[in-house]
Amino acid sequence: MGKSKGASPKLPEVGQWPDKIAPAVAIAGIVLTTLGFLMAFFYVPPVAGAAVDGVELIGGMMVANKLLISQKIFYFHMPVAMVSFVALAFSCYYGVRFLMTREWRYDTCSAIAIEIALVFVVATMATGEMWTRFEWGVWWTWEPRLTTYLVLMLIVIAYFVLRSAVDEPERRGVFCSVIAIIATIDVPICFAITRLIPSSIHPVVLREGGMSGEMGMCVALVAAGMFCIGFALYRARFGQVRLAQRVEAMKESLED
Amino acid sequence: MADRKKEKLQESGRSAICARPSTFAQYKTLLMKDLKQEFRTKDMIVSMGIYAVLVIVVFGVALSFAKPGSEFLEVSGGLLWSLVVFTSLLGLNRSFSHEMENGCMEGMLLAPLDRGAVFLAKMTSNVVFLLIVEVVAVPLYWLFFSSYATPADTAWMMIIPLLVGTVGIAGIGTLLSTITTRTRGKDVLLALLFVPVIFPLLYACVSATTAVLIGGDVVADTLMVSLVLAVGYDVIMILASWILYEFVVSA
Chain A
1 MGKSKGASPK LPEVGQWPDK IAPAVAIAGI VLTTLGFLMA FFYVPPVAGA AVDGVELIGG
61 MMVANKLLIS QKIFYFHMPV AMVSFVALAF SCYYGVRFLM TREWRYDTCS AIAIEIALVF
121 VVATMATGEM WTRFEWGVWW TWEPRLTTYL VLMLIVIAYF VLRSAVDEPE RRGVFCSVIA
181 IIATIDVPIC FAITRLIPSS IHPVVLREGG MSGEMGMCVA LVAAGMFCIG FALYRARFGQ
241 VRLAQRVEAM KESLED
Chain B
1001 MADRKKEKLQ ESGRSAICAR PSTFAQYKTL LMKDLKQEFR TKDMIVSMGI YAVLVIVVFG
1061 VALSFAKPGS EFLEVSGGLL WSLVVFTSLL GLNRSFSHEM ENGCMEGMLL APLDRGAVFL
1121 AKMTSNVVFL LIVEVVAVPL YWLFFSSYAT PADTAWMMII PLLVGTVGIA GIGTLLSTIT
1181 TRTRGKDVLL ALLFVPVIFP LLYACVSATT AVLIGGDVVA DTLMVSLVLA VGYDVIMILA
1241 SWILYEFVVS A
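Chains as they are written, first to last, in the numbering used here: chain A, 1 to 256; chain B, 1001 to 1251.
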C-alpha cells in the first residue's frame, strides 16, 4: 500500500499546523460558548413562538401569551446539531479518501471524526430532550426530525459495533468507510423528510425567517464556539490515537 | 454447487477468447445461478414465508385484546411494513450465506466479472425472492385481519409502495449484507445497520400505504409526496450501493 504515498504527500499527522493552533482554538471555543451562554440569558430578549397556549395563571397573573425560558435551549441545540453534521461530513470525506488511496491515516481520521460526531449527536439528543419536555410537555414524541436524529445516532453507534466486529484491518477500514458514507447520505434525506411529509411540529426556524438579529448573532456565536471545541477535540483525539499507533509501530520494529 | 459454478465460469471464459461477455450477459448468468439455486433448494423462500406467517401470528396476539375497528386501517400499513422489514432481514441474512460456503465468493471474484453486475444480480434475486414472499404474505395478512376493518377502494394501489419499498430494501440490503456476512455476529449486525439506514424509506412507504388504505382526500395529499420521496431514496441509495459495492466485495 506504500505506492500511493507519493501521490498524497501531505498526510494528516501530529504536529502539523492544526495542532499548533488547536490550544488557542480550544480556548477561543470555551470563551465563545461562555459568551454565547451569557448572551442567551442576559442579552437576547425572549421571543414569541415559545409560549403558553391559551390563558393560564402564572405568578398570580392571568397570561395569554407567556414567553418561556426554555427557548434558551435552542441557542445550544442548533449549533451542536450543526457541528455533529459537519463532523459526520468530515468522516464521509475521509472515508472517500481512504477508499481512493487506501492510506491508513484517512481511516483513522474518519473514525475519529465520527467519534466527535457521536459526542455532538448525544449532546443534541440531550438538549432536544429538554426542549421536548418543556416546550411540548412530553419526553419523547415521534416527530419526524427527532426520530431521524435518533436514527442517525443509531447508525453512528452501529458504526462502532461494526468497527469492533471486523478483525482484519483492511476489511475494517473499507467497511467502516462505506458505512460512514452511507450515514452521511442519510442526513439530507432526514432533512427532506421533515420538510416534505406533512404533519411535522418541529419549528422550522430558518425557512420562516423567524430569527431576529439578536437571536441570529447569539446562535452564530455559540455555533462558532462549538465548531472550535469540536475542532480542538478532534485534534486532541487524533494526536492521542496517532501517538498510540506510532508507539505500536515502534514496538513492532524493535521486536523484528 | 461450486462445480456447477465453475463450469459456468469456464463457459463464459471460453467465449471470452473471441469476445468478453457483455455486462448484461454476466448479470444474466449470475442472476440465473441465484434463481436456479433457490428454486432447487427452496431454502430461503420457505423459511421466509413461514417466518412471515409467524410474524402475523404475533401481530394477532398483540391485537387480540384491543379488537380494533376502523382505526385498524391507520395502524395496518405500519404493521404490514414491519412484517416486510422483519421478513426481508431474514432473507438478506441468508442471501449471502451460501455464497460463503464452498468458496463461491472467491470463485466469483476470481472471474473477470464486472462488480456492478454482481451487485445488480444479487439485488435482483433478492427483489424476486422478497416479492414472491410478499405475494403470499400480504393477502394472508389481510385474510387474518379482515374481520377488523375493510380497506378503502384504493387499497390495491398498495402494490406501488410495496414495489418501491422492496426494490430499496433489496438494494441497500444487498450492500449491507455483503458487509455483515464477513464480520463477527453477522445477523445482529445486519439488523443494527439495516433498520436505521432503511428508516427514511420505511417512513415514506408506511405513509403511502396508510394513505391508500384509508382512502379519500388523504390519497391525493400524501401518496404522491411519499412515493416521490421513496423513489428518490431508492435511486440515491441504489446508486451509492452500486458504486460502493466494488470496494466492499473485494475487501
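Be careful, since some hints might not be right.
Pairs of lysine to any residue, SDA-like flavour, derived with a Cα cap of 20 Å [to be verified]:
1. B/K1186 x A/S164
2. A/K72 x A/G128
3. B/K1186 x A/I157
4. B/K1033 x B/P1021
5. B/K1042 x B/I1132
6. B/K1033 x B/W1142
7. B/K1186 x A/R172
8. B/K1186 x A/F160
9. B/K1033 x B/A1117
10. A/K10 x A/T101
11. B/K1186 x A/I30
12. B/K1186 x A/V161
13. B/K1036 x B/V1138
14. B/K1186 x A/P169
15. B/K1186 x B/R1094
16. B/K1186 x A/E168
17. A/K20 x A/I30
18. B/K1186 x A/R163
19. B/K1186 x A/L154
20. B/K1042 x B/V1136
21. B/K1186 x A/K72
22. B/K1186 x A/K20
23. B/K1186 x A/D167
A few chain B residues that face chain A, going by a derived Cβ cut-off under 10 Å, partial list only [unchecked claim]:
24. L1031
25. L1035
26. T1180
27. P1200
28. Y1203
29. V1225
30. V1231
Over the 12 Å line for every Cβ pair with chain B, so calculated as not near, a few chain A residues [to be verified]:
31. L35
32. A158
33. L196
No wet-lab data here; the hints were simulated from the structure.
As the structure is a prediction and not an experimental result, all values here were calculated from the model.
In this text, a Cβ means the ideal position worked out from N, Cα and C, and glycines have one as well.
These are the hints, each one checked on the structure:
1. B/K1186 x A/S164: 12 Å, holds
2. A/K72 x A/G128: 12 Å, holds
3. B/K1186 x A/I157: Within the cut-off at roughly 16 Å; holds.
4. B/K1033 x B/P1021: 16 Å, holds
5. B/K1042 x B/I1132: 12 Å, holds
6. B/K1033 x B/W1142: Distance ~34 Å between B/K1033 and B/W1142 Cα, so the pair is violated.
7. B/K1186 x A/R172: 14 Å, holds
8. B/K1186 x A/F160: Since the Cα atoms of B/K1186 and A/F160 sit roughly 14 Å apart, the hinted pair holds (cutoff 20 Å).
9. B/K1033 x B/A1117: 13 Å, holds
10. A/K10 x A/T101: Within the cut-off at roughly 12 Å; holds.
11. B/K1186 x A/I30: 43 Å, violated
12. B/K1186 x A/V161: 11 Å, holds
13. B/K1036 x B/V1138: Cα-Cα ~25 Å, so violated.
14. B/K1186 x A/P169: 17 Å, holds
15. B/K1186 x B/R1094: With a Cα-Cα distance of about 10 Å, the restraint between B/K1186 and B/R1094 holds, given a limit of 20 Å.
16. B/K1186 x A/E168: 15 Å, holds
17. A/K20 x A/I30: 17 Å, holds
18. B/K1186 x A/R163: With a Cα-Cα distance of about 13 Å, the restraint between B/K1186 and A/R163 holds, given a limit of 20 Å.
19. B/K1186 x A/L154: 17 Å, holds
20. B/K1042 x B/V1136: Satisfied, since the Cα-Cα distance of roughly 15 Å is no more than 20 Å.
21. B/K1186 x A/K72: 44 Å, violated
22. B/K1186 x A/K20: Given that 20 Å is the threshold and the Cα spacing comes to 43 Å, the pair is violated.
23. B/K1186 x A/D167: With Cα atoms ~13 Å apart, B/K1186 and A/D167 stay inside 20 Å; holds.
24. L1031: 24 Å, violated
25. L1035: 27 Å, violated
26. T1180: Since chain A brings a Cβ to about 8 Å from B/T1180, closer than 10 Å, the hint holds.
27. P1200: 5 Å, holds
28. Y1203: 6 Å, holds
29. V1225: With Cβ-Cβ at 6 Å, under 10 Å, it holds.
30. V1231: 12 Å, violated
31. L35: Non-interface label stands for A/L35: nearest chain B Cβ at 36 Å, farther than 12 Å.
32. A158: 4 Å, violated
33. L196: 6 Å, violated
Hints 6, 11, 13, 21, 22, 24, 25, 30, 32, 33, counting from the list given before, are not met by this structure.
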